[in-house]
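Asker: Counting from 1, position 284 in the sequence shown corresponds to residue 803 in the working numbering; the numbering is continuous, with no gaps.
No lab work stands behind these hints: they were computed from the structure. Treat the hints with caution; some may be incorrect.
What the hints assert, rightly or not - Below, in silico cross-link-like pairs of lysine-lysine (BS3-like), each with a Cα-Cα straight-line distance of 27 Å or less:
| no. | residue 1 | residue 2 |
| --- | --- | --- |
| 1 | K627 | K661 |
| 2 | K721 | K549 |
| 3 | K658 | K707 |
| 4 | K627 | K558 |
| 5 | K721 | K707 |
| 6 | K843 | K865 |
| 7 | K868 | K843 |
| 8 | K707 | K627 |
No experiment lies behind these values; they were computed from the predicted model shown.
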Amino acid sequence: MISQSGPQRYISDVTAYQQLPQYITELGVKRLVFLHGTKSLAAAQPYLADFPVDVTVTDVLFNGECSYEEINRVKQIVTAQQAQMIIGLGGGKVLDTAKSVATGTPLKLVLIPTLASNFAPWSALSVHYQANGEHIDHKIYKETADLMLLNPEVILRSPINYFVAGIADTLAKYYESELIFEQLPEEKYTTALEISRLMANKCRDVLLQYSSQAIADMKAVSLTHIWRKVAETIIVTAGTVGGWGDSYARSTGAHAVHDALTLFPETATLLHGEKVGYGILVQLAIEQHFDEIDSLLPFYREIGVPTNLHELNLDGITAADIDKIAAASADEETTMHLIPLPIDTKTVKQAMLVLEEITSATAKK
Numbered sequence: 520m521i522s523q524s525g526p527q528r529y530i531s532d533v534t535a536y537q538q539l540p541q542y543i544t545e546l547g548v549k550r551l552v553f554l555h556g557t558k559s560l561a562a563a564q565p566y567l568a569d570f571p572v573d574v575t576v577t578d579v580l581f582n583g584e585c586s587y588e589e590i591n592r593v594k595q596i597v598t599a600q601q602a603q604m605i606i607g608l609g610g611g612k613v614l615d616t617a618k619s620v621a622t623g624t625p626l627k628l629v630l631i632p633t634l635a636s637n638f639a640p641w642s643a644l645s646v647h648y649q650a651n652g653e654h655i656d657h658k659i660y661k662e663t664a665d666l667m668l669l670n671p672e673v674i675l676r677s678p679i680n681y682f683v684a685g686i687a688d689t690l691a692k693y694y695e696s697e698l699i700f701e702q703l704p705e706e707k708y709t710t711a712l713e714i715s716r717l718m719a720n721k722c723r724d725v726l727l728q729y730s731s732q733a734i735a736d737m738k739a740v741s742l743t744h745i746w747r748k749v750a751e752t753i754i755v756t757a758g759t760v761g762g763w764g765d766s767y768a769r770s771t772g773a774h775a776v777h778d779a780l781t782l783f784p785e786t787a788t789l790l791h792g793e794k795v796g797y798g799i800l801v802q803l804a805i806e807q808h809f810d811e812i813d814s815l816l817p818f819y820r821e822i823g824v825p826t827n828l829h830e831l832n833l834d835g836i837t838a839a840d841i842d843k844i845a846a847a848s849a850d851e852e853t854t855m856h857l858i859p860l861p862i863d864t865k866t867v868k869q870a871m872l873v874l875e876e877i878t879s880a881t882a883k884k
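Construct the complete structure from the given sequences, taking the supplied hints into account.
Answerer: Printed below as a string of structure tokens:
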């Protein structure tokens with residue numbers, strides 16, 4: 520087991536961006552690549568300090584997907600410019616691209632999240648997609664970011680649906696790891712695994728208790744302690760779960776379902792965390808934790824996380840399509856098989872159908 524706890528340096532403050540120029544100067548960096556999206560740069564621009572005057576900055580607009588084509592494009596720019604640092608500013612796909620470019624190189628890596636939609640800023644992994652949004656794979660790297668800067672004022676003003684998706688994605692940290700931890704022999708528990716499990720429980724407890732108020736605070740553009748607690752749970756606490764727990768606490772069933780759903784263009788408008796949220800329910804149905812499903816459904820409906828195929832834009836789905844999702848989720852190469860249960864296509868399909876019955880019945884109450 521290999522633990523990578525997080526960035527080498529982490530600053531969370533409304534003045535966090537002001538630390539960047541001095542950091543660049545202290546490292547002696549003279550050439551850097553600045554990778555960002557259009558919207559993310561517009562959101563962060565009022566808070567960004569000027570780069571040092573003696574530093575050559577190559578501005579690169581992100582193309583929208585963390586694909587191998589995009590990674591290679593940015594790598595070519597980095598090489599041509601002889602860059603010493605790459606800065607990724609934006610959502611998870613921008614940051615994952617920057618990580619993929621930097622890994623295995625001497626490049627210094629700076630990550631600046633503008634959304635609280637996942638734990639990408641904290642992690643040492645990247646998720647890769649086709650240009651059309653279909654999931655390909657994920658890679659775990661030997662490096663974490665050298666610096667991560669979080670300005671809560673920027674994230675507070677980001678789209679709320681990304682925040683809600685981040686809540687669902689972070690809940691998965693508990694639900695994807697708990698059965699593994701439950702069945703782990705006591706003698707296998709290292710300090711790292713103990714920290715990982717504690718943080719997974721912390722994710723669940725904070726989000727179930729405070730998410731509704733945090734969403735209300737975000738709608739009011741009010742930088743409260745509760746909102747910040749939830750935002751940093753999504754980015755930081757979630758990152759420590761897999762960071763400390765390695766394969767015992769990374770993606771399992773919920774993310775395997777997410778990956779299968781990306782095969783359907785109808786789900787392309789849904790965010791990563793929304794599909795993972797649905798995947799949590801499928802995983803709980805596989806585990807036959809039906810009481811847990813019943814307890815989560817009111818929370819899902821309150822904050823707006825999909826609970827069934829209709830809410831995934833899959834109204835016209837056929838039996839063959841359900842088979843396709845189930846087969847892709849249960850493929851022997853997926854993280855589904857990290858769950859300590861026998862699982863095949865039939866198991867996943869049955870879980871999906873049972874979930875349809877449960878959500879239909881509870882919606883009528």
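Asker: For each hint given before, does the structure comply? Return the numbers of the non-compliant ones in rising order.
Answerer: The structure breaks hints 2, 8; every other hint is satisfied.
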